[in-house]
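Residue numbers (our numbering), protein chains in the order written: chain B, 578 to 835; chain S, 43 to 442; chain Y, 55 to 215.
Hints were generated in silico from the structure; no laboratory data involved. On a predicted model such as this, the values are computed, not experimentally measured, just so you know. Any given hint could turn out to be false.
[Unchecked claim] Far from chain S, some chain B residues (derived; all Cβ distances over 10 Å):
1. R622
2. T656
3. P739
4. E748
5. P804
6. A807
7. L812
8. T817
9. V820
[What the hints assert, rightly or not] When the alpha-carbon atoms are kept at most 25 Å apart in a straight line, the in silico DSS-like pairs for lysine-lysine are as follows:
10. K199/S / K128/S
11. K144/Y / K92/Y
12. K87/Y / K129/Y
13. K439/S / K818/B
14. K112/Y / K144/Y
15. K688/B / K199/S
16. K128/S / K423/S
17. K688/B / K144/Y
18. K755/B / K134/Y
19. K166/Y / K112/Y
20. K124/S / K57/S
21. K199/S / K423/S
22. K688/B / K818/B
23. K134/Y / K688/B
24. K755/B / K87/Y
25. K129/Y / K95/Y
26. K92/Y / K152/Y
27. K144/Y / K134/Y
28. K688/B / K128/S
29. K128/S / K818/B
30. K134/Y / K95/Y
31. K166/Y / K755/B
32. K57/S / K304/S
33. K130/Y / K166/Y
34. K755/B / K112/Y
35. K810/B / K130/Y
36. K129/Y / K92/Y
37. K439/S / K203/S
38. K95/Y / K755/B
Cβ atoms here follow ideal geometry from the backbone N, Cα and C, with glycine treated the same way.
In case you want the letters, here they are:
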Amino acid sequence: MNDMKSMPDNTLNSPERRRFIGTATAAAGVALIPGVMLFEVAHGRPEDQAVSSAVRWGMLIDATRCATGCDDCVSACSTENGWTPVAESQHPRQAPQWIRKLELQDPLTQKETNLPMLCQHCGDAPCIDVCPTGASFRRADGIVLVNRHTCIGCRYCMMACPYKARSLVHEPLNDTQKPDVPRGVGCVEACTFCVQKLDRGDGTTACAEACTAAGNDAILFGDMNDPDSAIAKRLRELPTKEVRADLNLDLSVRYHGI
Amino acid sequence: MASMTFREVEGSSLKYWMLFGGTGLFVLFGFLSYLYMHHHGHVVTGMDNQIVWGLPHVFAVFLIVAASGALNVASIASVFNKPMYKPLAPLSAILALALLLGGLLVLVLDLGRSDRLIVAMTHFNFMSMFTWNVFLYTGFFVLVGIYLWTMLDRNVKAYSKAAGTAAFIWRLTLTTGTGSLFGFLIARQLYGTAMLAPMFIIMSFAYGLAIYLMVLVAAYAWTGRPLGDAVMMRLKTLLAVFVAAVLYFVVVYHLTNLYFAKMGSAETFILRDGGILTTLFWVAQIAIGCVIPLVILLTGLGRQRSWIMIASALVILGGIAQMYVTIIGAQAYPLDLFPGMTVKSSFYDGVIHEYSPTMAEFFLGLGGVAIALLATIFGVKVLRLLPVNLDDATIAKLEH
Amino acid sequence: MKRLLALGAAILTAAALAWAGSDDPAKTSGVPKPVITKAIKGEHCVEPNDFMRRNHMKVLLHQRDETVLDGIRTKKYSLKECINCHASEKTGSVAASKDDFCVSCHSYASVKIDCFDCHSTKPQGSMAMHPLNAETAHYAHKLAAQAHSKVSAEEMAGIAQ
Chain B
578 MNDMKSMPDN
588 TLNSPERRRF
598 IGTATAAAGV
608 ALIPGVMLFE
618 VAHGRPEDQA
628 VSSAVRWGML
638 IDATRCATGC
648 DDCVSACSTE
658 NGWTPVAESQ
668 HPRQAPQWIR
678 KLELQDPLTQ
688 KETNLPMLCQ
698 HCGDAPCIDV
708 CPTGASFRRA
718 DGIVLVNRHT
728 CIGCRYCMMA
738 CPYKARSLVH
748 EPLNDTQKPD
758 VPRGVGCVEA
768 CTFCVQKLDR
778 GDGTTACAEA
788 CTAAGNDAIL
798 FGDMNDPDSA
808 IAKRLRELPT
818 KEVRADLNLD
828 LSVRYHGI
Chain S
43 MASMTFREVE
53 GSSLKYWMLF
63 GGTGLFVLFG
73 FLSYLYMHHH
83 GHVVTGMDNQ
93 IVWGLPHVFA
103 VFLIVAASGA
113 LNVASIASVF
123 NKPMYKPLAP
133 LSAILALALL
143 LGGLLVLVLD
153 LGRSDRLIVA
163 MTHFNFMSMF
173 TWNVFLYTGF
183 FVLVGIYLWT
193 MLDRNVKAYS
203 KAAGTAAFIW
213 RLTLTTGTGS
223 LFGFLIARQL
233 YGTAMLAPMF
243 IIMSFAYGLA
253 IYLMVLVAAY
263 AWTGRPLGDA
273 VMMRLKTLLA
283 VFVAAVLYFV
293 VVYHLTNLYF
303 AKMGSAETFI
313 LRDGGILTTL
323 FWVAQIAIGC
333 VIPLVILLTG
343 LGRQRSWIMI
353 ASALVILGGI
363 AQMYVTIIGA
373 QAYPLDLFPG
383 MTVKSSFYDG
393 VIHEYSPTMA
403 EFFLGLGGVA
413 IALLATIFGV
423 KVLRLLPVNL
433 DDATIAKLEH
Chain Y
55 MKRLLALGAA
65 ILTAAALAWA
75 GSDDPAKTSG
85 VPKPVITKAI
95 KGEHCVEPND
105 FMRRNHMKVL
115 LHQRDETVLD
125 GIRTKKYSLK
135 ECINCHASEK
145 TGSVAASKDD
155 FCVSCHSYAS
165 VKIDCFDCHS
175 TKPQGSMAMH
185 PLNAETAHYA
195 HKLAAQAHSK
205 VSAEEMAGIA
215 Q
């Protein structure tokens, strides 16, 4: 992270540069194994310390770079978080989808736009307001999550979410969950910004990694509060929009090119 | 005021026990449906990630709304001091409690994690309309329970008016809360309006009174107690007023929506292009639920008791249809994330969502209705809720 | 409701045991005792056995809220670490068969476990099974990525800086 900051700004946003940072971080991690220093290097938060609002995780999606027909972000999310891809599900209408590709078209101009849609991690989230038990909550670092220990499966949040970001788990999962990603029948779930990855210091999400790996670089993830982070810099340069900005929900996901 | 004798229904006849058993059977079916849904998860229902609230919610919300309305007759007696309604009040109160019980059970048994009900009772988020409803329901049970007690126990009769007034204010709040469950949602086009709260209140008046009338007539006919036309004529006129008011609110709601361009396509979906939902709206909700009952109640037909019963039954059916259109219709129309754009995705964005309820959901909903009836049938047997005589002469004495 | 049922069942079981015990001591042998298999790795648990037998649910509950709400993922009382050590060699799980660590005791005590409706009962991959690597197992994918990607001399120099 230190050497990233020392780099000249003009190189920061090129795909090559970012891929290099990814490799470098991984290599640094390997070089330091084993050691507590890992957490310091990758994230700066000791594991016994609570997350703080000094960080606000966010995502910048560049719809102009999102490729038609590519759903690598969706498969990566499914693999990382253990939900069954909808194509393999026996009950597609009831299958959870944490992230999905939208294909938009302007009927007048025929202009087509591709983009991934996921939980927008609102700063002022309707799902949190309506949740009767407080199971929907926003973590200090801006991630909106469902506490499955208190979720009663009432689905009021699904009624309230303007982005259709949430799903109910309709059938028992029979121990197919990932150890890092608890999910359960009767509870509501949604994108977690790969909270398990962030907490272990990866600093990015499965979808963003997959998008970069596919060479599209349409998803940039990072700490929006850190003025030196790649995402903060990019957000300063690029015109971006919130989806349904009229609702004024203070979203953590911004789109360019919509 | 002339004294009025209340007596329990004897409830020893074969007919009583058959009614009891028949209703009980539906309660059992409802419970079995719950076990089935709970064991397999919501995968065995027609509900999915598009239609997240289905038939159980249609029944539950209908029953909860009707519960508040069933208290009408009692409120007219205590709050508005109409002596004629006094003898009708205890049945009104027990019916309100029974209907709320039925509705809440359906709501609770449909939860994804119904085994965690205790969590809902111990963790509260006061930003949530749902949380407020939990308190409104509990308060309703307590207040109507106390009100019923003041009507049944001579020692506390003096507090009847105070208790009745408290229950009246509470049930207006309760139905405001129920309407606001939907009114407070920004995401769906057809919700998110303050209209829904007063509309639900007026709907509760109509549904509650229709149910009350049917239960009253059935109870008096089956027990052979006299029930005069004086009572029936008053109540049927009241029902006509309530049904007309529901129609008025529905018209204003849709006209307002039609005027706003952004609501246009959602409105044309309900009013013209929605297939089964459009049919339910025009045929069941408007024609069967409002227009036909109004014609019956306001013409000469309304003087015959059997026609009043038909009108009440139609109001109830129309009410369930109205709930269906309100709850399912608003979800069937897709969310408009990118206004003006056509949308495609694997998650059914941009398409009308289909919903076909399964038998399990249907019987769970019916189970709630059956619980409400069973509680009422049991209530009139063990408590002195029904006057032995409601003929015209007895009623006339009350008025003087 | 289930908790109440579980409580009721526990009381009934206890009553039955007491009755059986007072009446005919031989009968108690009819109740299958829980199978407590020694953890497949490590010398001892994070706390003395007596403490854990009585209080594991308390420490887990405390840890659960810290993890979910605050992102604190310390290992000492983490359910994941319980599973890492206690998963059975046969089934690779703490709750797949009736003799597995969590299940055998819980069914003896008639207390429903709510954890595994949502949590996996198995450790994460083969690397996590090894105590030395449990902490670093999540870097496995990075190691793998490293193996596949071509790292140029310049990039290695960059890391060295």
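Cross-check of the supplied hints:
| no. | hint | result |
| --- | --- | --- |
| 1 | R622 | holds (27 Å) |
| 2 | T656 | holds (16 Å) |
| 3 | P739 | violated (4 Å) |
| 4 | E748 | violated (4 Å) |
| 5 | P804 | holds (30 Å) |
| 6 | A807 | holds (27 Å) |
| 7 | L812 | holds (21 Å) |
| 8 | T817 | holds (15 Å) |
| 9 | V820 | violated (6 Å) |
| 10 | K199/S / K128/S | holds (12 Å) |
| 11 | K144/Y / K92/Y | holds (13 Å) |
| 12 | K87/Y / K129/Y | violated (30 Å) |
| 13 | K439/S / K818/B | violated (73 Å) |
| 14 | K112/Y / K144/Y | violated (28 Å) |
| 15 | K688/B / K199/S | violated (74 Å) |
| 16 | K128/S / K423/S | holds (20 Å) |
| 17 | K688/B / K144/Y | violated (58 Å) |
| 18 | K755/B / K134/Y | holds (11 Å) |
| 19 | K166/Y / K112/Y | holds (15 Å) |
| 20 | K124/S / K57/S | violated (34 Å) |
| 21 | K199/S / K423/S | holds (22 Å) |
| 22 | K688/B / K818/B | holds (18 Å) |
| 23 | K134/Y / K688/B | violated (49 Å) |
| 24 | K755/B / K87/Y | violated (31 Å) |
| 25 | K129/Y / K95/Y | holds (15 Å) |
| 26 | K92/Y / K152/Y | holds (16 Å) |
| 27 | K144/Y / K134/Y | holds (18 Å) |
| 28 | K688/B / K128/S | violated (69 Å) |
| 29 | K128/S / K818/B | violated (62 Å) |
| 30 | K134/Y / K95/Y | holds (14 Å) |
| 31 | K166/Y / K755/B | holds (22 Å) |
| 32 | K57/S / K304/S | violated (56 Å) |
| 33 | K130/Y / K166/Y | holds (24 Å) |
| 34 | K755/B / K112/Y | holds (24 Å) |
| 35 | K810/B / K130/Y | violated (39 Å) |
| 36 | K129/Y / K92/Y | holds (20 Å) |
| 37 | K439/S / K203/S | holds (21 Å) |
| 38 | K95/Y / K755/B | holds (21 Å) |
In summary, the numbered hints that this structure violates are 3, 4, 9, 12, 13, 14, 15, 17, 20, 23, 24, 28, 29, 32 and 35.
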